[in-house]
Every structure is written in C-alpha cells, then in structure tokens.
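Asker: Sequence:
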Amino acid sequence: MELVSTYLFAIMETGGIFAPLLFICFHLFRPLFFLPVMIICISGGILFGAVAGTVYSVVGITLSSMAFYRVIQWMPGTLERLVKMKQKMVGKNSQLTTSQIAVLRLVPFIHFHLLSLCLLEISANFKDYMRSSLYSNIPLAVVYTSLGKWISSFSFAAMAAFIVVLLPMFYLMRRKEISIKWEEFFLKRASPVKSR
1 MELVSTYLFA IMETGGIFAP LLFICFHLFR PLFFLPVMII CISGGILFGA
51 VAGTVYSVVG ITLSSMAFYR VIQWMPGTLE RLVKMKQKMV GKNSQLTTSQ
101 IAVLRLVPFI HFHLLSLCLL EISANFKDYM RSSLYSNIPL AVVYTSLGKW
151 ISSFSFAAMA AFIVVLLPMF YLMRRKEISI KWEEFFLKRA SPVKSR
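For the sequence shown, the UniProt record's numbering gives the first residue as 1, with consecutive numbering after it.
Hints are computed from structural coordinates only; laboratory data are not their basis. Ideal placement from N, C-alpha and C gives every residue a C-beta, glycine not left out. There could be a bad hint or two in this list.
Label pairs and their calculated CB-CB ranges [claimed, not checked]:
no., residue 1, residue 2, range
1, Val-83, Leu-21, 33 to 39 angstroms
2, Phe-29, Val-51, 22 to 28 angstroms
3, Pro-108, Val-83, 19 to 25 angstroms
4, Phe-18, Val-90, 38 to 44 angstroms
5, Ile-17, Ala-160, 25 to 31 angstroms
6, Ile-72, Phe-33, 17 to 23 angstroms
7, Leu-28, Gln-87, 39 to 45 angstroms
Calculated pairs, DMTMM-like style, for lysine to aspartate or glutamate (alpha carbon to alpha carbon, straight line, at most 25 angstroms) [as the list claims (entries may be wrong)]:
no., residue 1, residue 2
8, Lys-127, Glu-183
9, Lys-92, Glu-80
10, Lys-127, Glu-80
11, Lys-92, Glu-121
12, Lys-84, Glu-183
13, Lys-86, Glu-121
14, Lys-84, Glu-121
15, Lys-86, Asp-128
16, Lys-88, Glu-121
17, Lys-88, Glu-183
18, Lys-92, Asp-128
19, Lys-86, Glu-183
20, Lys-92, Glu-183
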C-alpha cells in the first residue's frame, strides 16, 4: 500500500494541470487496487490542500458511487453476495439511514461499497441514491482530507477511542421502526410439530 501511495504522489506531482483529473480518476480505479478510501483522501489533502483536496475527493467518491450503482446492475451474482454479507453484519430486517451510513463511512475498516449497497436499498431511484451518496460522502472527504495527517498518526488506542465516540452518534441516528413481513413473523414464532 505504501508503494501505491508513492506512485500516486509521483504521478500527481508530475501531472501539472491534469493532476486533479488524475486524482479523481484514481478514485474510480481505487477498488481495483483494493485501497481504502481514506488513503486516497489523505493523499488528496497532502497534494492539493484541505479545500481543493476535499472538493476533488467528494467528486471522485461520488463518481465511484455512481459507477458502483451502474456496475452492480450488470452483476446480479455479486449483488446477491453483497446482500448476504450485509444481512450478516446489519441484520435481515434492519435498514440504515443516510446519517448512519455517513457516520459508518468514517470508520476505516468498513467496506465502502457495502455501505453503498445500504444506500441502494433505502433509495427509491437513481437520483435519490446519488443525493444520499453525496450527503454521506461529504463527511468522509472532509474528515480524512483536512485532518488526514492528524488521523494517520493516531495510535491504536486513539483510533479505538475515535470509534467509541462514533458509536453513540450511530445509535442516535438510527431508524426508529422495524418492519417485519407477516409471513416471516409467524414463521419464526410457529413451533415445529413433533410427529410420533
């Protein structure tokens, strides 16, 4: 990962006026290199400064979310696997809100596109998905771009404390109702009949 960061810095520094475009394109190709979003955002803060780096990161992350929306429509098998993984992590009948997803995007070890899937499930259409993606991507870009160097120097204890601070926010922003289908409710409550 350090080698990729070194190459990224070299390309951006020699890119001239095309450096912002290259940086945004790197956000699009980030999943192919299995790089976390926070590494790219931190690099944007170092290369372009807090304000420009945040703007470029928001554009790049939002385009990456749009690409996920388009690609996942063509790959139903991958969509099904992601849904199963999401159900194991979050629960079958629970849905996250856009605010909760924005908070979860700040946690470094949660998969970016798994959270995009959660947005996809709560969105009515493409326009709604893109609006929710933009809202949930802004805090990620702002925090990791502007505070990138500071957060990257965290010790393990400081990172654990940061996550503990995020947990109450996640709880307070939860959806207040749970919907269970009629058949599922009675299927779970019905006890199996033993035959003799």
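Asker: Just pull the numbers of the violated hints for me, sorted ascending.
Answerer: 5, 7 and 8
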